[in-house]
Amino acid sequence: MGERLGVLGGTFDPIHCGHVLLAQSVREQLDLDRILFIPAADPPHKRSADLTAADHRWAMVELAITGLAGLEPSSLEIDRGGTSYTIDTLRQLAVQHEDADLHLIIGADNICDLSTWHDPEAILSIARVVAGARRQAGISTHERFADRIMQLDTPLFEVSSTLVRQRLRDHQSIRYLVPPTVEAYIFDQRLYGVSDKGRIS
5 MGERLGVLGG TFDPIHCGHV LLAQSVREQL DLDRILFIPA ADPPHKRSAD LTAADHRWAM
65 VELAITGLAG LEPSSLEIDR GGTSYTIDTL RQLAVQHEDA DLHLIIGADN ICDLSTWHDP
125 EAILSIARVV AGARRQAGIS THERFADRIM QLDTPLFEVS STLVRQRLRD HQSIRYLVPP
185 TVEAYIFDQR LYGVSDKGRI S
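With the first letter of the sequence shown counted as 1, position 34 gets the number 38 in this note's numbering; the numbers rise by one all the way through.
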């Protein structure tokens with residue numbers, strides 16, 4: 005039997021504790037060997053002009069999961085460049101890990117968006133799609149992929165990258181929302197308009 009490989013992609017702008025908690029919970033429940041965190045180079049659903057540079061997002065992912073068993077960063081999409089379509093990434097991983105059992109991990113709030121992704125049928129044919137729970141999110145009875153997505157009961161953690169960025173703009177603390185190493189990096193690199201002088205303890 006091949007490796008049980010999880011795939012967790014996203015802009016990670018910035019990566020936060022909810023991402024890490026979701027990955028750890030899915031890995032434990034499904035007994036996955038590894039989960040790859042793959043920052044997007046140019047996500048199709050977001051404006052590139054609003055994105056933090058890829059090297060910063062990559063660095064924050066590395067910092068967030070260093071030392072966590074079974075969680076690994078992958079620069080596959082950044083190295084490939086261009087628009088980061090999930091199907092292209094899964095196809096590339098299927099070639100690189102031909103015997104692997106691929107599991108694509110998404111938040112439950114992404115379930116109803118799956119039909120808008122590039123070639124969702126191919127995604128479902130290559131990988132098992134696994135959704136973690138998020139409050140007030142779920143699958144509509146009319147969602148065409150509902151019976152083909154595995155939903156897991158994962159811990160609820162009400163945080164998003166948008167919230168983290170907004171709190172920084174409002175000079176509010178992001179402590180406990182992002183890993184300490186990521187918080188330090190944001191202030192050291194003056195990301196999201198912050199300054200070290202304005203660091204919140």
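Don't take every hint at face value.
[To be verified] Label-pair distances were calculated between CB atoms; the ranges are:
no. : residue 1 : residue 2 : range
1   : Leu-25    : Thr-120   : 24 to 30 Å
2   : Arg-84    : Ala-188   : 25 to 31 Å
3   : Ala-188   : Ser-119   : 38 to 44 Å
4   : Asp-59    : Ser-199   : 16 to 22 Å
5   : Gly-86    : Asp-35    : 17 to 23 Å
6   : Asp-117   : Leu-72    : 35 to 41 Å
7   : Gln-193   : Ser-79    : 15 to 21 Å
8   : Thr-120   : Gly-6     : 26 to 32 Å
Hints are computed from structural coordinates only; laboratory data are not their basis.
The beta-carbon is built from N, C-alpha and C at its ideal position, and this holds for glycine as well.
Here is how each hint holds up against the structure:
{"no.": "1", "hint": "Leu-25 / Thr-120: 24 to 30 Å", "in the structure": "holds, 26 Å"}
{"no.": "2", "hint": "Arg-84 / Ala-188: 25 to 31 Å", "in the structure": "holds, 29 Å"}
{"no.": "3", "hint": "Ala-188 / Ser-119: 38 to 44 Å", "in the structure": "holds, 39 Å"}
{"no.": "4", "hint": "Asp-59 / Ser-199: 16 to 22 Å", "in the structure": "holds, 20 Å"}
{"no.": "5", "hint": "Gly-86 / Asp-35: 17 to 23 Å", "in the structure": "violated, 34 Å"}
{"no.": "6", "hint": "Asp-117 / Leu-72: 35 to 41 Å", "in the structure": "violated, 27 Å"}
{"no.": "7", "hint": "Gln-193 / Ser-79: 15 to 21 Å", "in the structure": "holds, 18 Å"}
{"no.": "8", "hint": "Thr-120 / Gly-6: 26 to 32 Å", "in the structure": "holds, 30 Å"}
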